[in-house]
Amino acid sequence: MSTKSGATMSDQTKKKSPATITAQALGWVDDATKSVTPPLYPSTTFERNTDLSYHDGRCYTRADNPTYDQTSAVLNALEGGTETRLFASGMAAAVAVLHALNPGDHVVAPKVMYWALRSFMLDSGVRAGLTFDFVDNGDTADWAKHIVAGKTKMVWLETPANPDWQITDIAAVAEVAHAAGAQVVVDNTVATPLLTRPIDFGADIVMHSATKYLNGHSDVLAGSLTTAKDSEFWQRVCKQHASGGAVLGVFETWLLLRGMRTLSIRVERASANAMAIAKHFENHPEIEQIQYPGLES
Numbered sequence: 035m036s037t038k039s040g041a042t043m044s045d046q047t048k049k050k051s052p053a054t055i056t057a058q059a060l061g062w063v064d065d066a067t068k069s070v071t072p073p074l075y076p077s078t079t080f081e082r083n084t085d086l087s088y089h090d091g092r093c094y095t096r097a098d099n100p101t102y103d104q105t106s107a108v109l110n111a112l113e114g115g116t117e118t119r120l121f122a123s124g125m126a127a128a129v130a131v132l133h134a135l136n137p138g139d140h141v142v143a144p145k146v147m148y149w150a151l152r153s154f155m156l157d158s159g160v161r162a163g164l165t166f167d168f169v170d171n172g173d174t175a176d177w178a179k180h181i182v183a184g185k186t187k188m189v190w191l192e193t194p195a196n197p198d199w200q201i202t203d204i205a206a207v208a209e210v211a212h213a214a215g216a217q218v219v220v221d222n223t224v225a226t227p228l229l230t231r232p233i234d235f236g237a238d239i240v241m242h243s244a245t246k247y248l249n250g251h252s253d254v255l256a257g258s259l260t261t262a263k264d265s266e267f268w269q270r271v272c273k274q275h276a277s278g279g280a281v282l283g284v285f286e287t288w289l290l291l292r293g294m295r296t297l298s299i300r301v302e303r304a305s306a307n308a309m310a311i312a313k314h315f316e317n318h319p320e321i322e323q324i325q326y327p328g329l330e331s
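Under the numbering used here, read the sequence shown as residues 35 to 331, first letter to last.
Certain hints may be false.
Calculated lysine-lysine pairs in the DSS-like style (CA-CA distance at most 30 Å, straight line) [to be verified]: (1) 179 to 145; (2) 145 to 185; (3) 273 to 185; (4) 263 to 145; (5) 313 to 273; (6) 246 to 313; (7) 263 to 273; (8) 179 to 263; (9) 50 to 263; (10) 49 to 263; (11) 187 to 246; (12) 246 to 49; (13) 187 to 273; (14) 145 to 313; (15) 246 to 50; (16) 185 to 246; (17) 263 to 187; (18) 246 to 263; (19) 68 to 49; (20) 145 to 246; (21) 50 to 68.
With beta-carbon atoms standing in for the labels, derived distance ranges [what the hints assert, rightly or not]: (22) 311 to 65: 45 to 51 Å; (23) 212 to 270: 16 to 22 Å; (24) 170 to 304: 25 to 31 Å; (25) 170 to 67: 52 to 58 Å; (26) 91 to 270: 15 to 21 Å; (27) 253 to 325: 25 to 31 Å; (28) 160 to 277: 42 to 48 Å; (29) 96 to 323: 19 to 25 Å; (30) 323 to 88: 54 to 60 Å; (31) 83 to 170: 52 to 58 Å; (32) 246 to 323: 21 to 27 Å.
Because the hints were derived from the structure by calculation, they are not lab data.
Please read all numbers here as calculations on a predicted model, not as lab measurements.
Note that CB positions come from ideal geometry on N, CA and C, so glycine has one too.
All chains, please: the whole structure from these sequences, using the hints.
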């Protein structure tokens, strides 16, 4: 199949492993040049067709750019979503979701989470009329206690949580949230879709700070949102993406795709190294506690 930028992706890519999807970037090949790496399109605007219609629906880069196509398609395939949008940072992605809520909406979030987002919730979120309850990450009963039917509109999960790696049962919390009519958003930054695909466990939207593992080279500030399905709420998020201005630059988009090509081997090595360090210190007499979810203890 072809993307807007003229890239060809075989249906066989749907059967490939995440490692192959990332390494080959979905097997993209440029129709005109047969290039296996995508070009950059720095243009901010696009010429209209002779009938004044927008060519491929594109009019302005803030809303859409051909450079976005392959990068968002790779991430979308990894997460098993319907659509993925790229943002200028992880915080920009998270804020777009919160801005799509209405004043008075209730959000349940974990006590342990990325500090900048928690700070935003308690400052700008509260001033925007949102209400919040923060619960113990790993206590499903605590989530259930604070998720209220008719009141709670969104449940925000972060697992493993930054910085102490607490784990939340996505499926269990999602079941409670959906029964109450709330949407579930999961920050999947730490796990990456190679270790966890939240949509498979009931998440409605998956968020990434792509600055971290997805890019992996400390040279890109980026974020993303992937939706399980199209919805009225997702369209509000998309409007925030297009009109809010916090879109990812084309060069950063290209760098993110390049970084994701090595995601599989980096996650594998990072996990192995983390486990080795955790086991080394697990029984050290000077260490009181090791917080690593891979340990049986």
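query: Hint numbers the structure violates, sorted upward?
result: 5, 16, 28 and 29
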